[in-house]
Structures are given as structure tokens and as C-alpha cells.
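Asker: Protein chains in written order, with our numbering: chain L, 1 to 364; chain Y, 365 to 490.
Please keep in mind that the hints were generated in silico from the structure rather than gathered at the bench.
Hints should not be assumed to be uniformly reliable.
As the list claims (entries may be wrong) - Straight-line C-alpha distance at most 25 Å; calculated DSS-like pairs for lysine-lysine:
hint : chain 1 : residue 1 : chain 2 : residue 2
1    : L       : K346      : Y       : K367
2    : L       : K45       : Y       : K398
3    : L       : K281      : L       : K259
4    : L       : K321      : Y       : K466
5    : Y       : K466      : L       : K345
6    : L       : K262      : L       : K88
7    : Y       : K466      : L       : K17
8    : L       : K67       : L       : K213
What the hints assert, rightly or not - Listed next, with one range per pair, are the computed distances between beta-carbon atoms:
hint : chain 1 : residue 1 : chain 2 : residue 2 : range
9    : Y       : S431      : L       : R11       : 25 to 31 Å
10   : L       : G304      : Y       : S431      : 42 to 48 Å
11   : Y       : T419      : L       : A129      : 41 to 47 Å
12   : L       : D205      : Y       : E486      : 43 to 49 Å
13   : L       : A349      : Y       : G371      : 15 to 21 Å
14   : L       : G278      : Y       : I369      : 33 to 39 Å
A virtual CB, placed ideally from N, CA and C, is assigned to each residue, including glycine.
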Amino acid sequence: MEENLEKNEKRTCLYDKHVALGAQMSPFGGFVMPIQYVGIAEEHKAVRENVGLFDVSHMGEVTVRGKDAERYVQHIFTNDIAGAPVGKIYYGMMCYEHGGTVDDLLVYKMGENDFFLVINAANIDKDWAWMRQHAEGFDIDLQNRSDDYGQIAVQGPASEQVMETVLGIPCSELAFYTVKTVGDVIVSRTGYTGEDGFEVYATPDYIRTCWDKLIAAGVQPCGLGCRDTLRFEVGLPLYGDELAEDITPLMAGLGIFVKLGKEEFIGKEALAKQKETGVAKKLVGIELADRAIPRHGYTVLKDGQPIGEVTTGYHTISTDKSVCMALIDSQYAALGTELEIQIRKKTFAGKVVKKLFYEKRYKK
Amino acid sequence: MAKVIEGLYYSESHEYLKVEGNIGVIGITDYAQKALGNVVYVDMPDVDDDVEAGTEFGAVESVKAASDLYSPVSGTVVEVNEALEDAPELINQDAYENWIIKVEMSDQSELDNLMDAAAYEEFCKK
Chain L
1 MEENLEKNEK RTCLYDKHVA LGAQMSPFGG FVMPIQYVGI AEEHKAVREN
51 VGLFDVSHMG EVTVRGKDAE RYVQHIFTND IAGAPVGKIY YGMMCYEHGG
101 TVDDLLVYKM GENDFFLVIN AANIDKDWAW MRQHAEGFDI DLQNRSDDYG
151 QIAVQGPASE QVMETVLGIP CSELAFYTVK TVGDVIVSRT GYTGEDGFEV
201 YATPDYIRTC WDKLIAAGVQ PCGLGCRDTL RFEVGLPLYG DELAEDITPL
251 MAGLGIFVKL GKEEFIGKEA LAKQKETGVA KKLVGIELAD RAIPRHGYTV
301 LKDGQPIGEV TTGYHTISTD KSVCMALIDS QYAALGTELE IQIRKKTFAG
351 KVVKKLFYEK RYKK
Chain Y
365 MAKVIEGLYY SESHEYLKVE GNIGVIGITD YAQKALGNVV YVDMPDVDDD
415 VEAGTEFGAV ESVKAASDLY SPVSGTVVEV NEALEDAPEL INQDAYENWI
465 IKVEMSDQSE LDNLMDAAAY EEFCKK
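If we strip away everything but chain Y, and leave its shape as in the complex, we get:
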């Protein structure tokens, strides 16, 4: 079973978001990394890039295919996880520990559009 963590927000495109003050820490869920298989590349935006809720901001690539990443919220990228540049497989080891970007959120009300852990767990069963 894929791991789902209490207290995080989840999108239907299998990103998670952890709130730290006005910062959203974004990555892909355990369910997503399992479905992808071996991650071989993570395409990340640059710091200071703007991201928009529901819009593509990068991609996670397995051997076979590229899978777009969609931002769960709008805001500005304040940090990218540089460790993934040389070791994208970290996402397979622990998808929640190895986040992809941190975003300064511009509209916290967008969190209302995301699922909680229980709803996401249910969503993955469908």
C-alpha cells in the first residue's frame, strides 16, 4: 500500500503540499512514485519563477516516460531541491522526505481545493 501522511494536502494529480507558515513544500506522493517506477530525472523550475495552481511547473521522468508536475497552489518558487539533480532516485526512496520545490503561497484559500489524507487515500482506491 502506498503511504499517505496525515496533515498534508493532496492534489488529484498526485502532488502533496505541506504547509510551513506561508511556505508550501511540494512533492509527489508515494502512490505517484510507485506508479512511475525508477525516477531518472526531475525537471524543476528556477527560484523566483512564478507557479500557478493547477498549472505545470516541471516533470518527473521514469525510464519510460515523462510525467508533468502540477502546482497545487499559486505563488513564487523560493527553493528547489538540488539534491534531486544528481540523485533523482531519492524520490523512490522516500517521496515525502524528498520534496521537489518550496513555494511562497500567494493565496492560502487555494488549500481548500485540495484533499486531506483521508480523502486522498479514498481517491487512490478509485
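With the rest of the complex left out, here is chain L:
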């Protein structure tokens, strides 16, 4: 396959390793990233059944420290971190005043008034500008550390064993959505696959060493291709598909990460109003009777009339079904509602289902 290498696309610290492994490389979020090594289906199954290794060094990292750090994070973040214990991780969004989504992110509480924020690669510049713009009046030290950290994700039922035996990082005691540090190395029990797993943030040198050890131990390298099929099967959103400037967390069904009881955060008023009046569009799951595959941007119809669009769709690897997530008019969002999807020249019948196509298997 072609390598669409553009000069303005960044390389992660593992770029040469991917090329040496024969990965198919492609642009993603401003980086040139591995899409697959041996095949999306094989890599997907390795994560579901055993363990897989991902280069996710493209993700952005921002640190917030100082007297007002907690108050600042509360201001820009939809979830509530008040009084959180050190080591806890929160998922949530940054929203615009109008309630639309700037990005979804993880907030790691590293210490009192010391936070580590993990943001999407494609949004690093936008998020950084947004964070700085809203930092005024807060006594904080805000730093964009995205270029300083490499990151790998070790995901799958065998990930704990691999972390301990191959990398020598004890983590059986590390609970789901918590973080610990080993020297300068940040290790969390998090991921984007619906399986048990870990993410390691460290210097490029350390990350390269980890990568080599894991590959030498026979761990399957996995590309962004299966990262997408894995997260999709367990209904996790991807910014740009299920979340966007015009898609609020409430529309995406992520209301549990929006704490309207909090004193204040950007977008709170708009979101509170949206919750009260109900959302006009809602993210749902749709299952098709046929094998045809609904893809991002395809039109969803009810009785021939457009009612929304597909956000992500696949013929699933784990369950062998053609399913998608779609943003549709709320009046048609009830489970079991029959509707159609336009796929090229034909329409295919489907019905609304839970947007969870495979059960998550986190170790909590």
C-alpha cells in the first residue's frame, strides 16, 4: 500500500519500529501512524483473546499544577474531580459554552493540585489554545508536554501478566482507572478496547525499550485499524465521529460524565438546558439484517425520509454483524425502532439496538 507521507505529518518515537515490522502506515491526527501489521482482524482477536501492543504516542499530554489546579480543571472539565483521591482517573469532556464538545479526555490526579490530562492527537493544537484561553485568573502552571511523552497501550486479558513479567512493572494491585508512577514512568489501568489493559507514558527512550521487550516476548503489535474496531464494538466514542463541536456529550449518551450538580464549568448552562428540554438528536446503535456495511456519513432514513447519519460502522469482527452508531432524530431513538440506511444505491433495513455490540471485560 502507499505511504501517504506528508512533510507536515509528525512521527512518533516508534516510527522506525513500525516500518521495520512492515506496518501499513497512514496519516492520522497529524501523525503518520501504523494502521495494521498483519491484518485488522488478527490484531483485533489478539486483544480480545490474549494481548496486543499499541503505539499511542500521538496522544497529547498537558500538565496542570499549582494552587488553583483543581479549580481550573473543574472549570474546563464536565466530570467532577472535587476531593478525588490521588491516583484516580476521570473520563469526561471539555465543552464550549453552547455545550458542543471541544474534546474528550482523561484527567489523572497525580497529586494534590497536580493533574495530567490526556487529549486526542488531532485536537492537541485546538485544546491547547482552548486551555490557555481559559486559564486566565487561575494561579496555575499549565504545560503542553505532548512532545515529551511517548505512550504505549498494552491491552487484553493477558496484559497484566505481560506488564509484570516482560516489563517488570508490578500492576496487579493497580485498580481500574487508577494511576501510579514508577520513577518518571506513568502507568495506568486504562485503555480504549473494552478489555483489561494498561497505558504507559514515559520518555521516548523508555517507550522504545518497552516496545522492543514486548515485541521480543511475542506480543502482537496492533495498529489503529483494530484500535477503532475494538473501541467501536464496546460503544466507546471517537472524537470526530461520535463527538464534535456540534455534538454535545448528552447527545452522545455520555451524560454520566457530565456533572450538572457541579458549581460551575464551561458549557454547564447550555447542557443543563439541553437536559431539561431533551436532545434533538441522539446517538444510537443500529443493527442491519444484511451483511452490507454502514459507514461514517451514510444517511439513516425512516419511511424514506432522512433522520440522521452514521457516525461509525463495521461488520464486527467479534460478533460477525453489520452494525453502526448513528446520530438520529431523538423521536426514533427507542430500542427496536425499525429504520433504514442508505448504502450507495440501495437502502437496507435495520433496527435500533443498544450501542454496545460486545460486552466490556474490564478488571475492576
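Dock chain Y against chain L, hints included.
Answerer: Positioned in the frame of chain L, the structure of chain Y alone reads:
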């Protein structure tokens, strides 16, 4: 190396066409199936549908993406390969054995616009 078969016609969008009398047997090349990876769905037209040279008549889908199929010639669909409905992966096993549609050609002079095996092999190297 991708397999190229002598005696077939080839398009720049990586379809092949095998002439059997006035019938054109159309599928995707070995090069195309390799580039796509695991085929999980083939969207085919119906029998009696008209197809036009250079125009889309269906799609082959891998896990990641849909890839449109373009007809190398104009004509009428006389048969579709129903085996692909339940087993699209046959295309990965042998793309030339597992054709997609058969078309009754309306203008055999359109074959002149297609490549022969040697020209296609050269084309794939670019």
C-alpha cells in the same frame, strides 16, 4: 508479487475482464484483493441491471473501508456470483476464480481501452 493472468483485460481501477464470447466476466485483480485485505462484503448489482464502462456498479468492502467497483465495459448484467454473498472472503483466496459479475457486452470496441497482462503488470509497479 500479485498474480496477473495472460489473456485477460485489465482496468486502471484494478478490475479484470475475461471475454467468453459476448460475455465479459468481471472481478477484482489479485493486486486489488491484496491491497484491500480481508474482504468482508461485496455489494453487487442485480441481474438485468445495465452497467456503463468506467461507471460504478458495486463495491468491495474490507474491515476498514468500502472500495467502489467500476465496470470495464458497458452492457447488461446476466449473472452475479451469489457465492460471494455468504463467503466474500473467497475473493482473498482466489480473486480470478471468484469473479463478481458477468455482463453481456454492448460494445466490444471498449475492450481497446483496457490493458493487457503485460501493461497491467507494468501499471501496478508505478
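Asker: Hints first: check each against the structure and report whether it holds.
Answerer: Now for the hints, and whether the structure bears them out:
1. Among the hinted pairs, K346 of chain L with K367 of chain Y is inconsistent with the structure: their alpha-carbon atoms are about 33 Å apart, more than 25 Å.
2. Between the alpha carbons of K45 of chain L and K398 of chain Y the distance comes to roughly 20 Å, so the proposed pair stays at or under 25 Å and holds.
3. Distance check on the hinted pair: K281 of chain L and K259 of chain L sit about 20 Å apart at the alpha-carbon level, within 25 Å; holds.
4. For the hint linking K321 of chain L to K466 of chain Y, the alpha-carbon distance of about 28 Å lies beyond 25 Å, and the restraint is violated.
5. Pair hint K466 of chain Y plus K345 of chain L holds up; C-alpha atoms about 20 Å apart against a cutoff of 25 Å.
6. The suggested pairing of K262 of chain L with K88 of chain L holds, with an alpha-carbon distance near 18 Å, which does not exceed 25 Å.
7. Between the alpha carbons of K466 of chain Y and K17 of chain L the distance comes to roughly 45 Å, so the proposed pair goes past 25 Å and is violated.
8. A hinted pair counts as satisfied when its Cα atoms are at most 25 Å apart, and K67 of chain L with K213 of chain L does not qualify at roughly 40 Å.
9. Judged by the Cβ atoms, the range 25 to 31 Å given for S431 of chain Y and R11 of chain L holds: they are separated by roughly 28 Å.
10. G304 of chain L and S431 of chain Y have their C-beta atoms about 28 Å apart, which leaves the hinted 42 to 48 Å range violated.
11. The supplied range of 41 to 47 Å is met by T419 of chain Y and A129 of chain L, whose beta-carbon atoms lie about 45 Å from each other.
12. For D205 of chain L paired with E486 of chain Y, a C-beta distance near 45 Å keeps the hint of 43 to 49 Å intact.
13. Checked against the given bound of 15 to 21 Å, the beta carbons of A349 of chain L and G371 of chain Y, roughly 42 Å apart, lie outside it.
14. In this structure the hint that G278 of chain L and I369 of chain Y lie 33 to 39 Å apart at CB is violated, the actual value being about 60 Å.
Against the hints set out earlier in the document, violations occur for numbers 1, 4, 7, 8, 10, 13 and 14.
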